[in-house]
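**Q** Listed below, chain by chain, are the residues.
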Amino acid sequence: MATRSAERVITGDEAVRAALRRKAGRNIPELIIRWILLACSLISILTTVGIVGVLVFESAAFFSEVPLGDFLLDTQWTPLFADKRFGIWPLVVGTLMTSTIAIAVALPLGLLSAIYLSEYASPRLRSTIKPILEVLAGIPTVVYGFFALLFVTPLLERVIPNLATFNAISPGIVMGIMILPMVASLSEDALHAVPVGLRYGAFALGGTKFEVSTRIVVPAALSGIAASFILAISRAVGETMIVAIAAGQRPVLTFDPREPIQTMTAYIVQVSLGDVPAGSLAYRTIFAVAMLLFLMTLVLNIASYFIVRRFREVYE
Amino acid sequence: MTSQNIVQFDGPTILKAENVAVYYGDKQVLRDVMLSVPTHKITALIGPSGSGKSTLLRCFNRMNDLIRGARVEGQVTYHDQDLYDPEVDPVEVRRRIGMVFQKPNPFPKSIYENITWGARINGYRGTMDELVERSLRRAALWDEVKDRLHENALSLSGGQQQRLCIARAIAIEPEVILMDEPASALDPIATLKIEELMHELKENYTILIVTHNMQQAARVSDYTAMMMLTEDRNSATVIEFGKTQAIFTHPRDRRTEDYITGRIG
Amino acid sequence: MSLRDAAFESMLQRRQLRGMIFEAIAFLAILIGLLTLALLFYDIITSGVERLSWDFLTSFPSRRASRAGILSALAGSVFLVSLMSIFAFPIGIGAAIYLEEYAPRGWLTDLIQVNIANLAGVPSIIYGLLGLGIFARLAEPITGGRTLLAGALTMALLVMPVVIIAAREAIRSVPSEIRLAALGLGATRWQMIRGHVLPYALPGILTGTILAISRALGETAPLITLGALTYVPFVPDGLRSQFTVLPIQIFNWVTRPQEAFHTNAAAAIIVLLAILLSMNALAIYLRYRFEKRLMK
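Line by line, the protein sequences give chains P, Z and E. For the first sequence, this note's numbering assigns the number 1 to the initial residue and increments by one for each residue that follows. For the second sequence, this note's numbering assigns the number 1001 to the initial residue and increments by one for each residue that follows. For the third sequence, this note's numbering assigns the number 2001 to the initial residue and increments by one for each residue that follows.
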């Protein structure tokens, strides 16, 4: 880089013009980097393709032997016994039962926590409680399973008569505690995004804090809160270890939460732990069950994604 | 349009805009811009806010490329090379046509690294210590910072930060420096220092400066281009160009006169 | 007039009272969460602390509860997570850089974004089936079946959305003036990213990687489906070695009927939680430093 001199002829300097067009030689590394980074983000697409591919491939093999009608209409699930029946309902009902209990715990507690944190708590209290809730969210599910089976169930046995050692209530409640931080944190984000002016407006009309929070702020944040609820349901439906440990392994169609049941996820765990040979029909059942599970969570996840995206646009 | 008020400059020019129009998405913000930037002079772009001064400035080093949906039409030339020719690498353009921004934006690194980074990525092979000293001296900052070269640049005052940004720009030896209201975030004393600095820099560089401050334009620039929204108020253009003295004493366009005398603000 | 004021007063008192009751209930809701956390820690520590000892950390599993330890599980967890990091972090951060700094607006970018959001919510057990189908069976000639390598690859895909989402947020927080300054000096996009965006975003990205590691350390279900053996009396000796991890060891002990094994499980949980909490503390510290820097 020579020091520039004032005498240099500048107009129409062919060397400068050539240098400006030196693009090709210099940009090849840039292009390569760009392609590598694009490839990195395409891995996520490949992951989805892989998941769908594996599930479809093995479920197709399953449904070539078991009619879809049996799978969807039969009420008995005994693929590991001599008299094989492939009705998915016992597993679906088991899953819905534990999830419903979990949601009954997580949604009210989560939303109330979010309102408290966003509208009532002092900044200091908030910055103390939020990390603790994060710890709660970061505890491995196997630990929650231990807690459900060896602490909560014995506790509940004293209150609820005829509670079996394995049942739907205890893992349901513990699962609710597990997803509570997620509901609280996502709902709080939504409440936080409500413009302050809206609150001032309501206060200026003489509203009390309670009225402003519940009648103005919560309705304004409703779509964000709804998205957090949907994600919570999706988490509960797909949760595995708590139910595998504490809910039992009895795929029987029952609506009594005191009895042992089996969820879809727990069934997959049970088969995976056993010695079922790859390629056998019993082996393929887990892919058919997983396919249904995947579809259920997919619908929930996508719904929540678009709700969140829409509500972001409203405030931006 | 009002092209009769655009006095063609007869000396060497380095940058030229011909019939330039800029769109942000569907909205046209600039139209029919004609401007020649004289070599080794200071040219000021003045005009009310919203008259597209910064947009026009960014056309000259292709910074508009970075704004999503921005589109430039017409011809912008540098040494008679069309800057928007598909063969032209915007990176190369920006190396030769440096820029100083409205808000001082030093890198959150040491003063020393702020100077050397640009030189390093552009393949500078000399001694870095020398380069740092030379650039800081030219930017009239050396005496203030020579003992703290390895401190974080963010610890400098606003005016010092802006001079550091100028030093950083001249360290890579550009021919032209574009300045986008470089003193608008600074106090009067810091502003004065920047203005003095510009006088010294024009010996070696061509400077194109956007300013909303007419006194500043009158003080520092040799040539002035007046920008204004067109009649329909949808887009803006250059309505008058000439020697600064002429523009400020005998404006040809009625609107320029109104603006300079404070009737449009 | 004064009569109406009195009516309003008594109404207002009722409204205020309702507000106070609500505040108390909302606070109670938070308390329930915190209390459960406290109970959980109390229960696990009282059930497991007696079993914690150097021997417990350095022994292999055994059929006799009193002689069993967690050495192979601990080693397996460390190996698995390290190997996973090698795959997940460069790719995840690369994807985040692409999406924040390069991706044009369009259907492909939209698709990638929806897809990542969905992947973040896919139940972990389904990743296990993906690993089983692809890494353990289809790629068996490379991975050697249900091995450490297959487990690490599965786990890498599982945590990838966490890494991408956190890294994107960190990159997005880099002020755009810094980018403009670099480009204005004639930097190429990658020079700008390497020189300024990544260094600035690094603490945030690190926080995300720590979160990803703690997520992986606690995952059980996908490795069960993948078939990570529960009885592994050795430390993994290579990529194609069989392995177990702490959560699987815990699961194994919890599901035994004998109480002595439950004690072992609680002791192993203490170890696992201690690791996770220290990582959590590290993440909070990093975030704090990051936020302090942004204040400037």
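Just so you know, not all the hints are guaranteed correct.
[What the hints assert, rightly or not] Okay, the calculated beta carbon distance ranges per label pair: (1) Leu-2111/E x Glu-1196/Z: 53 to 59 Å; (2) Thr-100/P x Leu-2039/E: 22 to 28 Å; (3) Gly-53/P x Leu-2028/E: 44 to 50 Å; (4) Leu-1192/Z x Glu-2169/E: 41 to 47 Å; (5) Phe-2060/E x Pro-67/P: 54 to 60 Å; (6) Leu-295/P x Phe-2060/E: 25 to 31 Å; (7) Gly-1025/Z x Pro-29/P: 28 to 34 Å; (8) Thr-254/P x Leu-2039/E: 26 to 32 Å.
[Unchecked claim] From the structure, some residues in chain E lie toward chain P, with a derived Cβ separation under 10 Å: (9) Asp-2043; (10) Ile-2045; (11) Ala-2065; (12) Arg-2067; (13) Ser-2241.
Keep in mind that the hints were calculated from the coordinates and are not lab data. Given the structure is predicted, the values throughout are model-derived calculations rather than measurements. Using N, Cα and C, we set each Cβ at its ideal position, and we do this for glycine too.
**Q** Note whether the CB distance of Phe-2060/E and Pro-67/P lies within 54 to 60 Å or breaks it.
**A** violated, 48 Å
**Q** With 26 to 32 Å as the target window, see if Thr-254/P and Leu-2039/E comply at their CB atoms.
**A** holds, 29 Å
**Q** Using Cβ atoms only, decide whether Arg-2067/E comes closer than 10 Å to chain P, and label the hint accordingly.
**A** violated, 21 Å
**Q** Close enough to count: is the Cβ of Ala-2065/E nearer than 10 Å to one in chain P?
**A** With Cβ-Cβ at 15 Å, over 10 Å, it is violated.
**Q** If I claimed the Cβ atoms of Leu-295/P and Phe-2060/E lie 25 to 31 Å apart, would that claim hold in this structure?
**A** violated, 42 Å
**Q** Between the beta carbons of Thr-100/P and Leu-2039/E, is the distance compatible with 22 to 28 Å?
**A** holds, 23 Å
**Q** Has the hinted range 28 to 34 Å been met by the Cβ atoms of Gly-1025/Z and Pro-29/P?
**A** Between Gly-1025/Z and Pro-29/P, where Cβ atoms are some 32 Å apart, the hint holds.
**Q** The hint says 53 to 59 Å between Leu-2111/E and Glu-1196/Z; measuring C-beta to C-beta, is that right?
**A** holds, 55 Å
**Q** Can the hint on Asp-2043/E be confirmed by a CB-to-CB distance to chain P that is less than 10 Å?
**A** holds, 5 Å
**Q** Go ahead and decide if the range 41 to 47 Å is satisfied by the Cβ distance of Leu-1192/Z to Glu-2169/E.
**A** For Glu-2169/E against Leu-1192/Z, whose Cβ atoms are near 42 Å apart, the range 41 to 47 Å holds.
**Q** With a cut-off of 10 Å, does the beta carbon of Ile-2045/E approach a beta carbon of chain P closely enough for the hint to hold?
**A** violated, 12 Å
**Q** Evaluate the given range 44 to 50 Å for the C-beta pair formed by Gly-53/P and Leu-2028/E.
**A** Because 48 Å falls inside the window, the suggested range holds.
In summary, the numbered hints that this structure violates are 5, 6, 10, 11, 12 and 13.
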